[in-house]
Amino acid sequence: KNQVEQSPQSLIILEGKNCTLQCNYTVSPFSNLRWYKQDTGRGPVSLTIMTFSENTKSNGRYTATLDADTKQSSLHITASQLSDSASYICVVSRFNKFYFGSGTKLNVKP
Amino acid sequence: GAVVSQHPSWVICKSGTSVKIECRSLDFQATTMFWYRQFPKQSLMLMATSNEGSKATYEQGVEKDKFLINHASLTLSTLTVTSAHPEDSSFYICSATVGSTNEQFFGPGTRLTVL
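Sequence order for the protein chains is A and B.
When you read off a place in the first sequence, starting at 1, and then add 209, the result is the number in this note's numbering.
When you read off a place in the second sequence, starting at 1, and then add 867, the result is the number in this note's numbering.
There's no promise every hint is true.
As the list claims (entries may be wrong) - Calculated pairs, DSS-like style, for lysine-lysine (alpha carbon to alpha carbon, straight line, at most 27 Å):
hint	chain 1	residue 1	chain 2	residue 2
1	B	Lys-908	A	Lys-306
2	A	Lys-226	B	Lys-881
3	B	Lys-881	B	Lys-933
4	B	Lys-887	A	Lys-306
5	B	Lys-933	A	Lys-314
6	A	Lys-306	B	Lys-933
7	B	Lys-881	A	Lys-306
I should point out that these hints are in silico values taken from the structure, not numbers from a laboratory.
Produce the complete structure using the sequences and hints provided.
Here it is as structure tokens:
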């Protein structure tokens, strides 16, 4: 069964701190893996997209890593800001089907 | 580039009425459009996949007669919630993919409240 699991379910950190979100998947083979940020009441916005041959992709303070052998991805957020408070969703695509993780709710406190 | 819009952004309607939500790809032609529903504190749930000019493919458990999807052009798809009930109140999000990139671009969502 194709699954995408994210951890932790929720996370609270202080402003300025770093954090890492995890995504484990069983989808195989896959086309690409994306990390999205979804603010409350808004649609998801793409942060990074990686194919199976890529190991890391950065977008400003966001860095995603991918280990296709262990089927794990992580999203590292550096020097967190209050505006980083959102849900972060890992999506793995296979052909034209998309498999969503349940998301990690991040709360950055001052 | 790759902007997807939705209209309206929020709507309140009475139980039993129908509501239409539009999803447009503003600067590209979408190969495929997807409709999702998201309940509070939950992840997106795929409702249906639609390709221009053909019937939508609905996910298991989604009533096709209740959630009518029309994909009349490569830039417009509509979702009509027919005979809406309070339990249909949710956040509806569309997305679109383009060409062979298989990248999905999401709209900003539509908040539906059925009284």
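Hints, verified against the model:
Between B/Lys-908 and A/Lys-306 the alpha-carbon distance is near 23 Å, which keeps this suggested pair within the 27 Å criterion. Between A/Lys-226 and B/Lys-881 the alpha-carbon distance is near 46 Å, which puts this suggested pair outside the 27 Å criterion. For the hint pairing B/Lys-881 with B/Lys-933, the CA-to-CA distance comes to about 16 Å; that is within 27 Å, so the pair holds. Distance hint between B/Lys-887 and A/Lys-306 is fulfilled; the C-alpha atoms sit about 25 Å from each other, no more than 27 Å.
Simply put, B/Lys-933 and A/Lys-314 have alpha-carbon atoms about 32 Å apart, too far for the 27 Å limit, and the pair is violated. Using a Cα cut-off of 27 Å, the hinted pair A/Lys-306 and B/Lys-933 holds, with the two alpha carbons roughly 23 Å apart. The suggested pairing of B/Lys-881 with A/Lys-306 is violated, with an alpha-carbon distance near 35 Å, which exceeds 27 Å.
Of the numbered hints stated above, those contradicted by the structure are hints 2, 5, 7, listed in ascending order.
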